[in-house]
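For the record, the sequence lines run as chains A and B.
Position one of the first sequence corresponds to residue 1 (my numbering), numbered consecutively onward.
Position one of the second sequence corresponds to residue 1 (my numbering), numbered consecutively onward.
These are computed hints drawn from the structure, not numbers from a lab.
It cannot be assumed that every hint is accurate.
Since copy identity is lost for identical chains, a pair holds within one copy or between any two.
Unchecked claim - Heads up, simulated PhoX-like pairs for lysine-lysine below, C-alpha to C-alpha not over 25 Å straight-line:
#	residue 1	residue 2
1	513	526
2	221	462
3	526	221
4	526	55
5	2	229
6	55	188
Number of protein chains: 2
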Amino acid sequence: MKIALAQFNPVVGDLSANAAKIREIYSRAVEQQVELLILPELAVCGYPPEDLLYKNHFVEDNRLELESLAADCRDLTMIVGFAEGRDDMIYNSAAVLQDGAVGQIYRKALLPNYGVFDERRYFHPGSEPLVANVKGIGVAITICEDIWSPVWLLDYLKNAPDFQILANISASPFHTGKFGLRAEMIRKYATDFNAAVCYCNLVGGQDEIVFDGRSIIFDSKGKIQAQGKAFEQDMIIADVLSEDSGVKVVSQHPTPTLPGDEIDEIYQALILGTRDYTAKNNFKKALVGLSGGIDSSVVACIAVAAMGAENVTGITMPSKFSSADTKTDARKLAENLGIDFMELPIQSIVDDFDGCLQSVAGWDNTSIAYENLQARVRGTMLMTLSNQFGAIVLVSSNKSETAVGYSTLYGDTAGGFSVIKDVAKTVVYKLADRINQLARTEIIPASVITRPPTAELRDDQKDSDSLPEYELLDAILKGYIEQDKSAQELVAQGLPADDVLRVIKMVDMNEYKRRQCPPGIKITAKAFGRDRRLPITNHYRPKI
Amino acid sequence: MKIALAQFNPVVGDLSANAAKIREIYSRAVEQQVELLILPELAVCGYPPEDLLYKNHFVEDNRLELESLAADCRDLTMIVGFAEGRDDMIYNSAAVLQDGAVGQIYRKALLPNYGVFDERRYFHPGSEPLVANVKGIGVAITICEDIWSPVWLLDYLKNAPDFQILANISASPFHTGKFGLRAEMIRKYATDFNAAVCYCNLVGGQDEIVFDGRSIIFDSKGKIQAQGKAFEQDMIIADVLSEDSGVKVVSQHPTPTLPGDEIDEIYQALILGTRDYTAKNNFKKALVGLSGGIDSSVVACIAVAAMGAENVTGITMPSKFSSADTKTDARKLAENLGIDFMELPIQSIVDDFDGCLQSVAGWDNTSIAYENLQARVRGTMLMTLSNQFGAIVLVSSNKSETAVGYSTLYGDTAGGFSVIKDVAKTVVYKLADRINQLARTEIIPASVITRPPTAELRDDQKDSDSLPEYELLDAILKGYIEQDKSAQELVAQGLPADDVLRVIKMVDMNEYKRRQCPPGIKITAKAFGRDRRLPITNHYRPKI
C-alpha cells in the first residue's frame, strides 16, 4: 500500500483555508497513486484552538469542513485530525475519510494537561482503540500524547485487532532535545508491535510554539525508512508491504537535510516562529531597535531570514550614554544585512522628560528611574513608528534577562513579538557565531560578540554590575526554571549560595514584568508563558 | 458540638505566615470552646499555588507546616486544606488534625479545569468519600468543586457512613451572581442528606481573583443559621445538635451586613482585590493618572477605599487636547478625595517626539500614531514616577475598551494593576453613582458622569466616533465574551448586524493587546486573563 504523511502548516481558526490546503495535498497525493494519506492532529482547525473550542459554532463549522473534505476526497483513504463535538462533549479526534464519507472516528485517549497543554480544559478522553482497515491492512490510529506512555499504550492496544501500521498524528511542540527522545520512543513501538510506525507531525509557528515536522516512518524492525523535513512543509511517500516476518517500508522520499545540532535547530525554530507569527498576523514589515549589542543583532539576523531584508528596518536610538562603538556597530550590522536603517537620537526627549520631572519633589535624574526612562522613550519611539507604518516591533530580550527582570517594562520589552525570549544569553552568543559561520562572513561585527554586555543606560555600565556572569546565571536559571530545583539542590550541585539566592529572588520578584511581556518562541523544555504559570502574588522564598 | 468556620485570608506561598494565622485563629477558637474548627481549601499554601506545586520542596515545606500545626493545635479537631504529595502524585486534600497528629485525609475528587482553574494540571483526583468522627458526630468532608455536581455528589456519598454534617472547604472565586447560585445549591444538600451543611470559603484577593468569604451554615431543614461576612475575614461559631428528626444549628454569630445588590458586591470586590494585590506585593503607595473622565475617577475612589487617601496620588497630564473642564474635574476629584495631586503637562514632550519624527519620511502628526504617542508619553511619565517612588500605577481601562482594544498599549494600559479591567463601561457609571450615594456627597463631580466619554487625543474626539454607544457595545460584548455566542445568535436576539460584526472583529483583533495588559480583578463569569484563553494568531472570523 502506498501511503503519504503530509506535515503541513495550518492556521488556527482558518477552517476553510486549512481545508483548501488539505485538498491541494490530496490532489498531489492522488497524482502519486497514494492510497492512504495521513494528516496531523487537529489539521482542520489548527493546533491549539484554545477557547475557540468553547464556541459551539466553531466546532460545528469545523465539522462541516470535515464533511465537505470527505465528500470531495474520494480517491484515497485519509486520516485527518479535527475537533469532534458529540453529546455535549468535545473530543480530539481523527476521522477516517473513505468512499466519500466520514467513516470511523478515533478519539484521543491521553490528554496532556501540563506544560503548554490545556487539553483537559476542552476535551473528553476517548477510551477505545481503533484499527481501521485500509485495503486489507490494519492501521491502528493514535493521536500525539497517546504514544508518550509506552506502558499504557501496550496495554491499550493489547486486545485491539491485528494491525500492520501504527499511525500517530501529532501536533508536538518543538523544544531542543525532544526530537531524539521522540524518535527513540517511536522506534521501540515498531519492534514491540512488529508493525510499521507512521508518525505525522504538524509544522509551523502558532503564537509561542513551533511545530517542527520531521515526520517519520519506521519499518517493523525499527529502522527509519523515510523522514520529513525539519521546520518545513513536506509530504513523505512510501510503500508499506506486509510480509510474513514483518512490515517492509520502501521510501519514495529523498532523505532531507536535518539540523546539524541544537544551535541549528534553535536557529531554524526561531526563523519559522518569527515568519509564521508575523505572516499569520498580517505583518509584512518589522522594526528592530538596534543597540549595537548582541541580542538585537541576532534578532535582526533572524528577522531578515524570516521576512527578507527588504522588510526589516533597524532603528538605533542613541542617548548620551551610547558609545561611538555601539553606534558604529549598529550601523555596520544594518549595512551587512542590507536593511533600512534609521538613527533617531533620544537625548533631547529624555531631557524634556527630565525637565518636566524637575517640578516633582524627590525626582532624581541619576536614579534607576532615569535609566528606565531612556528605555521607555525608545519603546515609545518604536511603537509610534509601528503604529504609523503598520510594522511589527520585534523585541530583543533574551531568556536570561527576562528571567531576572533585567529589562524595562514598556521599554526594551515593548513590541509585538519577542524573538529570543526563550534563548539564554549564553546561547545567543552561540547563535551569533553560527549566523556568521553560515554566512561565511562577519554579518555580526566581531566587536559586538567580544564587547562585555552593557545596557548603556548610565556611564560605564556593565551587565555584570547587576548580574552574575552569564555562564553562572544561565546555570542557575536552567536549574531553577527548567528543572524546578530548590536553592538547596542548586547549591548542592556546586553553585554559589549567594548568587543562587539572589537570582531566585530576582526571578520570583519579576513575574509581574513577564506577565506583560510580548509572546515569544518556546525552544526549551520550559519557556515563560503558558508553559510556566506562577502567581505574581507569591511569598514563597528560597532558603538554604 | 461547637463548631467554627474560619474564613481567612492567606497569602499564596507564605507557608509559615499562613500557619501562624491559623494558630492565631485556633487560639481564638479554643477560647470560645470550639470543638471542630474548619478552614478553607489549601489554607496552608494559599489558593491557587499554580506551578509552585511543581516544586517538590514547596509541597514538602507545606507538609511540614501542616504537621507542625497538628502538633501545636491539640485542643480541638481541625479540618484544613493543604497540598498533599504522595507516591509521586499531588492531591488537593483536607487533613483532619486530631490529638496532636495529622489524622485522616480527604482528597478532592472533582478537579475543576475550566475558567480560571487548572487543577488537572497539578492534582490527581481522590476517589473515596471520608466521614470523620468528631466527638461522635459524623462529618462528611468535601472540597469546593465536589459539591458543584449534585447528581455526582449524591451518588458519591450514597454508601458513605452516616453523617450529620456535610462540610465543604472552598476557595471559590467571586463573580457577580455566584453567591445566590452557590447558596441555593448548598441548601438543597441539607435536606437531601438531612444534615447540617458547613460551607467555609476563602477570603482575599490573589492576582486576578477575589474570594468573597460569605461562609454559611445550614441546618438540616435547609435554613441558613449562620453566615460569615462578605469580602472580610470572619469566624462563624455555632452549636450543632444532632436530634432524632435532623440537625439543629444554634448560631453564636451576629448576622453580618451583606452587600445590598450587585453594584455593592462589585464595589467591595474591587476594593478588596486592589487592597490585597497592592499590600501582598508590598506596595504602600499608588499613582492614578486622572484624566477627568469617569474611569480614572472611579479607580481613584477605589484606590482611596483600598489604601487610604494618604497613600494615593492623582496625576493629571494635560496635552493641547485636554479641555479646561476635564482639567478642572481631575483637580476637583482629587480635592474631594483628599489625595495628593500633581499636574505634569506633556505637550512639550509630545512636541519633541514629533520634532524628532519629522526626520522620518511618512510621519504624520495627525494620525492615530500621534494619538497613541500622547498616551505613551503619559504611560512613561507614570512609570517613571512609579520607579522613582516605589508606588504602583493603577490602570483605569474598563472591560469594554479592553475588549475592543480602544486603548494604547504601554499608554493608558501601562501600570501594575488594572482595577476595573473586568467592569463594563455601563457598570462603571453605576459604580460612580453608588460611590457618590454611599458618600452622601458628590465625590465624583456630576460633570464627570454626564460628559460624553472622550479620550481627548485629538480635537472634539468622542468615544462614539469609534465605537457603538456603550449600552449597545456592552450588550454585544456580554453575549460574545461571557456567553460565547456567535454573530448569528447575537443578531437573532435583536442586535444590529453591522455593529455585531464590527465589534467581534475588534475583540478578536485585539487579543495581542490584552495579552500584554496588567492583571485586573475578575468580577464577571468570564474575565480576560486566565479565564479566557484565545490564540492571538486566529483566523476564525464571524459570519452572518
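Against the earlier hints, flag every one the structure doesn't satisfy and list their numbers going up.
2, 3, 6
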